Structure formats: C-alpha cells, structure tokens
Amino acid sequence: MSEQQAIPQGVAARRANAAHSSMFLRMLWRAAVLRRGRAASALLAMVVAAAVATAMMNLYVDVQAKLRKEFRLYGANVVVVGNDGASLPPDALGKIEGTLGRRGTAVPFAYLVARTANGQSVVVAGTDFERVQKLNRWWSVSAWPTAPQTALVGKRALPVVSPDGKAFDLSFQGHTIQLTPAGTLQTGAAEDSRVYLPMSEFLAWSGVRPSTVEIAANGSQEDVNAVIQQLTTALPAADVRAVRQIIEGEARVLGKTRATLYAAAVLIILTAALCVLATLTGWVFDRRRDFAIMKALGASERMISGFFAAEAVALGAVGAVLGFVIGIGIAAWIGRVNFNAPVVPRLSVLPFVMAGSMAVALLSAMVPMSLLRRIQPAVILKGE
Amino acid sequence: MFARLLYESFRRQKRRKLLAGVAITLGVAVATAMIGVATDVGDKISRELRTYGANLLVTPQEDTIDVEIGGVNLKPPSDGNFLSEADLPKIRGTFWRHNIVGFSPMVPVNTSVDAKPVTLLGTYFSKKIRFGKEETTTGVRTTHPWWKVQGAWPGDDSRDVLVGEHLAGKLGKRTGDAVEMGGQSHHISGILSTGGVEDDQIVAPLAVAQQVLGKPGAVRRIYVSAMTKPEDALARRDPKTMNPELFDRWYCSPYVQSIAFQLQEAIPHSHAEQIRQVAQNEGTVLSRIKGLMLLVTLAALFASALAVSAAMATAIFERRQEVGLMKALGAGKVAVAALFFAESTLLAILGGVAGFFAGSLLAHRIGRSIFDSQITIQPVLFPVILAIAVMVTFAGSAAAIRRAVQFDPVFALRGDA
Numbered sequence: 001m002s003e004q005q006a007i008p009q010g011v012a013a014r015r016a017n018a019a020h021s022s023m024f025l026r027m028l029w030r031a032a033v034l035r036r037g038r039a040a041s042a043l044l045a046m047v048v049a050a051a052v053a054t055a056m057m058n059l060y061v062d063v064q065a066k067l068r069k070e071f072r073l074y075g076a077n078v079v080v081v082g083n084d085g086a087s088l089p090p091d092a093l094g095k096i097e098g099t100l101g102r103r104g105t106a107v108p109f110a111y112l113v114a115r116t117a118n119g120q121s122v123v124v125a126g127t128d129f130e131r132v133q134k135l136n137r138w139w140s141v142s143a144w145p146t147a148p149q150t151a152l153v154g155k156r157a158l159p160v161v162s163p164d165g166k167a168f169d170l171s172f173q174g175h176t177i178q179l180t181p182a183g184t185l186q187t188g189a190a191e192d193s194r195v196y197l198p199m200s201e202f203l204a205w206s207g208v209r210p211s212t213v214e215i216a217a218n219g220s221q222e223d224v225n226a227v228i229q230q231l232t233t234a235l236p237a238a239d240v241r242a243v244r245q246i247i248e249g250e251a252r253v254l255g256k257t258r259a260t261l262y263a264a265a266v267l268i269i270l271t272a273a274l275c276v277l278a279t280l281t282g283w284v285f286d287r288r289r290d291f292a293i294m295k296a297l298g299a300s301e302r303m304i305s306g307f308f309a310a311e312a313v314a315l316g317a318v319g320a321v322l323g324f325v326i327g328i329g330i331a332a333w334i335g336r337v338n339f340n341a342p343v344v345p346r347l348s349v350l351p352f353v354m355a356g357s358m359a360v361a362l363l364s365a366m367v368p369m370s371l372l373r374r375i376q377p378a379v380i381l382k383g384e
Numbered sequence: 001m002f003a004r005l006l007y008e009s010f011r012r013q014k015r016r017k018l019l020a021g022v023a024i025t026l027g028v029a030v031a032t033a034m035i036g037v038a039t040d041v042g043d044k045i046s047r048e049l050r051t052y053g054a055n056l057l058v059t060p061q062e063d064t065i066d067v068e069i070g071g072v073n074l075k076p077p078s079d080g081n082f083l084s085e086a087d088l089p090k091i092r093g094t095f096w097r098h099n100i101v102g103f104s105p106m107v108p109v110n111t112s113v114d115a116k117p118v119t120l121l122g123t124y125f126s127k128k129i130r131f132g133k134e135e136t137t138t139g140v141r142t143t144h145p146w147w148k149v150q151g152a153w154p155g156d157d158s159r160d161v162l163v164g165e166h167l168a169g170k171l172g173k174r175t176g177d178a179v180e181m182g183g184q185s186h187h188i189s190g191i192l193s194t195g196g197v198e199d200d201q202i203v204a205p206l207a208v209a210q211q212v213l214g215k216p217g218a219v220r221r222i223y224v225s226a227m228t229k230p231e232d233a234l235a236r237r238d239p240k241t242m243n244p245e246l247f248d249r250w251y252c253s254p255y256v257q258s259i260a261f262q263l264q265e266a267i268p269h270s271h272a273e274q275i276r277q278v279a280q281n282e283g284t285v286l287s288r289i290k291g292l293m294l295l296v297t298l299a300a301l302f303a304s305a306l307a308v309s310a311a312m313a314t315a316i317f318e319r320r321q322e323v324g325l326m327k328a329l330g331a332g333k334v335a336v337a338a339l340f341f342a343e344s345t346l347l348a349i350l351g352g353v354a355g356f357f358a359g360s361l362l363a364h365r366i367g368r369s370i371f372d373s374q375i376t377i378q379p380v381l382f383p384v385i386l387a388i389a390v391m392v393t394f395a396g397s398a399a400a401i402r403r404a405v406q407f408d409p410v411f412a413l414r415g416d417a
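Residue numbers (the working numbering), protein chains in the order written: chain A, 1 to 384; chain B, 1 to 417.
Wrong hints could be hidden among the right ones.
[To be verified] SDA-like, lysine to any residue: derived pairs with alpha carbons at most 25 Å apart:
#1 B:K75 - A:L73
#2 B:K90 - B:E265
#3 B:K75 - A:S193
#4 B:K17 - A:Q221
#5 A:K134 - B:V197
#6 B:K290 - A:T184
#7 B:K290 - A:L261
#8 B:K148 - B:H166
#9 A:K69 - B:P145
#10 B:K14 - A:Q186
#11 B:K290 - A:P345
#12 A:K155 - B:Q61
#13 B:K148 - A:D239
#14 B:K170 - B:N110
#15 B:K229 - A:G82
#16 A:K166 - B:V67
#17 B:K229 - A:W138
#18 B:K17 - A:I375
#19 B:K14 - A:E248
#20 B:K333 - A:D286
#21 B:K148 - A:I375
#22 A:K134 - B:R236
#23 B:K75 - A:T184
#24 A:K134 - B:M326
#25 B:K173 - A:R244
#26 A:K134 - A:L73
#27 B:K290 - A:E248
#28 B:K148 - A:L371
#29 B:K116 - A:Q186
#30 B:K75 - A:R287
#31 A:K95 - A:L112
#32 A:K382 - B:M326
These are calculated hints, taken from the structure and not from any lab test. In this text the structure is predicted, and so the values were computed from the model without any measurement.
Let the sequences and hints guide you as you build the complete structure.
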C-alpha cells in the first residue's frame with residue numbers, strides 16, 4: 001500500500017470535499033484500481049467463464065434452428081395427394097401456399113403414363129423446375145431445361161425414350177408432344193425412370209392436373225404438425241400425410257445432437273465456474289489484510305461482508321457483460337465456420353449468465369470470508 | 001532435503017493441495033470426456049442417421065424402367081429381370097460388411113383383393129441370415145425404422161401379412177381378419193403405418209410374394225442401409241480412371257460409392273446405386289454435427305486448461321511467505337522454482353490419472369444415456385492426456401512461479417508483496 005502515501009495534492013483536496021456517502025463506492029473503486037494486477041486476473045477469469053457460458057448457451061438454443069435448416073435438405077416432410085390418386089382441385093396449390101405462407105416450399109407434381117414412338121410405357125411428370133431445385137437439392141441434374149419443348153430425362157428413362165439423345169415423341173390419349181432432352185436426372189430412386197416437363201407445357205399437352213404437392217415445412221415438429229392440421233382443414237378433398245421417414249429421422253438425430261451438446265455445455269460451464277471459484281477465492285483470501293484493517297478500524301462484520309459481497313457482485317456483473325459480448329462473438333464465429341450462417345445473438349441468455357456469474361462470484365467471496373471471520377485481526381496484521 | 005521439502009509440502013498443506021488437485025482432476029476429466037465424445041460422435045450420429053433408411057439400392061443390371069406412380073406399378077408383374085434371393089447372404093461377405101446395418105429385399109407384385117387391384121410387397125421383416133459362421137438378423141425393421149405396426153409383425157416364415165392403414169380402411173379389414181390373395185387366404189397380423197406408399201399396399205414375407213408372382217427365389221430390388229463416410233473429391237472419381245494405389249484407397253474407404261461397387265461385386269448381375277436423397281444429405285448433416293462437436297471440444301479444452309492454470313496460479317500465489325522464508329534462508333531462485341515445478345508435476349500426474357479415469361467413466365455414461373451404446377476411450381489417449389495435463393499445469397504455474405521467485409523476501413515475510 002505504498003501508493004497511498006504518494007497521493008497528489010489535487011486528489012486529497014477533491015477527497016476532502018466529496019460526500020461521505022461515497023466512501024463505500026470509493027473503497028470499491030480504489031480496491032479495484034490499486035490492486036490492478038490481481039483484480040484484472042480475477043476479472044479475466046470471470047470474463048472467460050461468462051464468455052464460454054454465453055457461447056455454449058447461445059449455441060445450444062440456436063443449433064436446433066441451424067440443424068433444422070440442414071435437415072430440410074432431405075426434402076419434403078409433408079405430402080398432399082388427391083384422394084385415391086385423383087387430381088387435386090385447381091385451387092389446391094393456391095390454398096396450400098396461402099396456408100403455408102413463408103413457412104415452407106410447396107412443389108406440385110402431375111403424373112401420367114405416356115407411350116414412346118415404339119410403344120413403350122414411360123411415366124411423365126409435370127412440375128415447377130424452379131421450386132424443385134429448391135426442394136430437392138440432392139437431384140443430380142446435368143442441365144436444367146429452360147427452352148420450350150425440352151425435358152429433363154431420368155437416367156434410366158433416357159435409353160428408352162431417346163437412346164441417341166435426339167428429339168423424341170411422347171403420346172398420351174392421342175395427343176403427341178415432341179421433346180428434346182435438355183439434361184439427365186439422377187437420384188437413385190423412382191425419379192430416374194421418369195421424364196420431367198415444365199408444368200405449363202405438361203398441362204397444355206395432356207390436361208392432367210397435379211395430383212401431388214410435396215411440401216418442405218420449416219420449423220419444429222409442433223410447427224410441422226400445425227401445418228398438417230391447417231392443410232387438412234383447408235383441403236377436405238385431399239389426403240395430407242406426414243412423411244414419417246423424414247420427420248422421425250430428423251427428430252431422432254436432432255434429439256441426440258442436442259443431448260450431446262447439452263452434456264458438453266454443462267461440463268464446460270461447470271469447469272468455467274470452477275475456474276472462477278478458484279481464482280476469486282484466492283483473490284479475496286489474499287486481501288485478508290484489508291479485511292483486518294477494516295475490522296481494526298471498527299467496521300462491523302456486516303459492513304465488511306457487505307463490502308466484499310458488493311465487490312464480488314460488481315466483478316461478476318462487469319465480467320458477465322464483457323463475457324457476454326465476447327461469447328456472442330465466439331458463437332457467431334462457430335456459426336460462420338460450421339454452418340455458414342452466424343448464430344443470432346440471444347439477449348435472453350444474458351440474465352442467466354448475469355445471475356450465474358454473480359452467484360459464483362458471491363459464493364467465492366463468501367467461502368474465504370467465513371474462514372477469515374473467525375480470525376482475530378491482530379493475527380492477520382501480524383502476518384501469520 | 002528437496003524430497004523432504006516436497007513431502008512435507010504435501011503432508012502439511014493438505015487443503016490447498018487437495019483444492020489444486022481437484023481442479024486438475026476435474027479439468028482433465030472434462031477434457032478426456034469431451035475428446036472421447038468428439039472422436040466417437042461421428043460414428044454414433046452416423047448410426048442415428050440410419051433412421052432415414054436405406055442409402056443404397058441394388059437392382060438387376062439389365063433393368064427395364066419402372067412405370068410406377070404413387071407406389072402402384074403399371075407394368076405387367078413378371079416383366080423385367082430379377083436378382084436371386086440365394087445371393088443375398090453374400091452382402092455379409094463384402095469388405096465393409098460391418099458398416100452395413102441391414103438390408104431388405106423387395107418383390108412388388110400386382111394382385112387383387114376382392115376384385116380390386118392391390119400391390120403386394122414381399123420383404124424380410126426380421127430374418128436370420130447365415131453367411132459362413134456369422135448369423136445376422138436383417139429386414140425392414142432395421143432398414144425402415146419408421147414403419148409402425150398396430151398388432152404384430154408377421155414371422156418371416158409365416159403366411160401372415162400386414163395391410164397398410166389406408167388400404168385397410170378401404171377394404172374394411174382389421175387385425176385378425178383374413179385377406180384372399182392368389183387363391184389363398186392370409187391372416188392379417190397387423191396394420192402397417194409408414195407415411196409412404198406402403199400405406200396403400202399389402203406387405204408380406206418374401207416367400208409369400210414370390211409364390212403369388214410364381215417366381216420362387218426372385219428379388220426385384222434390395223435396399224441396403226450402410227454407414228458411410230461423407231463424400232469427398234476422391235469418392236466422386238470414377239474407379240476405372242484410378243491407378244491401383246488410389247483404387248485401393250478408394251476401395252478401402254467406406255464411401256457410399258465404394259460400398260455400391262462392392263455390392264455389385266458380391267451380387268451377380270446387379271447394379272447398385274446410392275439413393276441420393278438419403279446418401280447425399282447424410283454427409284452434410286454428419287459433417288455439420290462433427291464440426292460442431294469439434295469446436296465445442298476445443299472450447300472445453302480451453303476452459304479446462306484455464307481452470308487448471310487458474311487453480312495452480314492461486315495455489316502458488318498464496319505461498320509467498322514460504323518463498324520469502326526459503327529465500328531468506330539462502331535458497332536460490334532455481335531451487336525455489338524447482339520445488340514448485342516438482343510439486344506441480346506431481347499434482348498434474350496424480351490429477352491427470354484420476355481425471356483420465358473419471359473422464360472415461362463420464363464419456364461412458366454419456367454414451368450410455370444418449371446413444372445407448374458404448375463410448376470407449378482409446379488407451380492411446382492416456383499418455384497424451386497426461387502429457388497435456390502436465391503441460392497445462394506447467395504453463396499455468398509458470399507465470400505464478402516466476403512472480404513468486406522474484407518477491408523480495410523482506411516484503412514477502414512482512415506480508416506486503
């Protein structure tokens with residue numbers, strides 16, 4: 001405390017004029033300023049712990065949404081089909097889009113069996129290519145058709161309809177259409193045996209309306225169930241089905257990932273709290289001489305406890321705020337690196353981090369305090 | 001004298017040593033558990049991703065195109081080629097057989113019930129397959145885990161069938177009723193719900209469908225569910241253009257493409273292909289989850305390193321007076337530093353060993369409770385973890401030790417440092 005002897009004149013004068021009520025605050029402030037090194041290391045521990053806790057909590061809350069987006073790559077989780085394979089009413093797609101709003105993508109499909117020039121049967125489908133590209137990203141397409149009278153031909157259908165890659169005829173109920181293969185489609189499933197046309201051309205040729213609408217509904221399982229409910233009420237003439245393969249797979253993998261992340265978050269936050277506890281306990285214990293001097297000067301136990309508690313809480317609060325900002329940064333970085341999208345900062349995490357930091361700080365102040373209270377100030381001041 | 005100082009330091013300052021030891025143990029335990037989970041999570045999630053079903057489809061090589069809308073086949077049933085059921089166990093003999101979770105052969109047959117056209121699908125439910133000395137169980141209950149049955153699953157050797165829930169509603173059938181197919185009566189053991197085209201079909205043991213079709217031992221396609229490695233540049237290359245060394249590397253990696261290649265080798269006259277919807281997205285989801293766990297593990301390692309070094313720094317800082325006394329009695333800086341480093345090392349080793357076992361237990365627990373399977377910590381990790389523990393403890397103590405040896409003994413003894 002050699003610094004105290006060298007207080008400049010100006011400061012002494014200012015102190016003399018200051019109100020007495022600010023003594024408590026001044027003690028808090030001077031304690032932090034004079035023992036800069038130790039206070040800084042305690043604060044550092046606090047900030048790091050709060051940052052790690054914030055990042056983990058933020059990640060835990062946000063990872064669900066991030067992973068859900070990845071799971072939507074699996075395609076439709078809801079399918080609307082006409083009863084008994086019949087076409088859907090003309091206004092069905094409009095109604096579905098109205099119900100869905102911005103909560104997902106809906107893609108119509110119409111199917112028929114056409115004959116090739118040499119009499120072979122092939123399934124022809126009409127759809128909206130722009131939406132299919134968004135819904136079924138796993139479709140491996142060599143080139144999407146853009147010009148009129150061009151089609152997307154499945155890999156297995158190609159040798160049947162157009163072995164030489166030239167224009168081919170398809171007929172359906174006496175109507176014939178000439179098409180050129182624009183590109184081939186490979187999925188490894190039923191799509192490989194089909195020929196895909198733009199919906200408008202398909203309709204003009206055959207007059208067959210869409211019988212299936214595949215929907216990728218965003219959000220949690222409850223959100224998807226709500227969409228299914230609403231669609232069922234909106235379309236009494238259709239059958240709305242949940243694609244259980246997709247929904248159950250997603251729920252399972254997501255559940256496991258969240259559980260693992262939760263376990264990791266708990267472990268990490270515990271370790272961080274332990275780190276704070278160790279550092280802060282040492283810091284408070286280290287200041288037993290301040291404690292003894294205050295006591296020797298006649299401060300009540302209550303006043304001293306209050307002082308140390310206030311100090312710990314202030315440290316916790318400052319550490320929590322700084323740590324929160326850094327933690328948001330860490331979470332955003334992880335989001336960018338891993339998901340190519342920043343994790344949205346969640347202010348709702350702040351109260352938890354704040355309360356946790358203060359509680360840990362308070363706890364780590366109280367433990368050494370209860371030890372020190374039993375010791376006579378004289379013993380401490382003697383340096384034993 | 002040095003050994004005695006060390007011994008006495010541990011004997012007399014049990015509380016402080018215990019505190020530092022606990023911190024190291026906890027830090028090492030968390031680090032071990034997280035490393036264990038992170039190295040194993042890819043495998044575990046890969047297994048969970050199998051709930052999406054088969055990612056490979058094996059069809060006859062000279063296959064005609066399907067004329068199928070909404071699960072209803074519009075072609076004459078006996079059209080096209082078939083695979084042989086007798087070749088199925090060979091799937092268990094392929095290089096990556098341990099990565100193959102299961103497979104289900106399928107035979108769709110157009111038949112009629114009460115004069116209505118109906119698709120009958122023959123498959124394995126949970127069939128015991130013998131290859132060499134190994135016996136495994138496979139079928140749709142493994143490859144299509146989202147299929148739900150109200151009632152009972154039929155036995156693979158029985159003549160019982162499952163009726164899809166939509167079809168059952170249309171036919172007015174319930175569990176326990178009988179359906180008439182191909183001139184024979186079959187008992188309905190349960191109602192099947194899949195959320196897919198099977199809801200409008202009848203699903204029967206493979207032999208029943210083969211009999212209705214009139215082709216014993218015939219299989220139309222095989223769905224294979226395999227754990228794969230996410231696709232990379234090597235996976236996408238054509239095996240025909242590779243040199244032998246590269247080909248070996250490709251062949252011995254569990255890419256979906258190389259497993260397809262091996263399935264084609266195992267089953268004569270077959271063509272195996274990935275089901276892109278499942279196979280392609282699996283890689284994306286898997287790499288995201290693995291990446292996430294890796295970053296989280298880094299955070300855990302960082303937090304535990306910090307906890308250990310904070311505990312060590314505090315423990316040393318508290319002992320300034322001791323340092324002062326030692327120096328006043330004539331100990332040099334080196335002697336003091338050596339004592340502290342020896343203490344830290346001892347603590348790190350003790351804490352490291354305890355922490356490693358606690359961490360292994362923790363990882364085991366996490367594996368059990370979350371994934372219902374074991375997470376084993378590789379014994380190779382033990383020396384690595386121990387070395388990291390010693391290094392982190394050293395690093396944590398170094399700054400504190402440096403400050404401790406620089407104290408002026410007079411101030412330290414007065415308690416003024």
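Which numbered hints does this structure break?
Of the numbered hints, 1, 4, 6, 10, 15, 19, 21, 24, 28, 29 and 30 do not hold.
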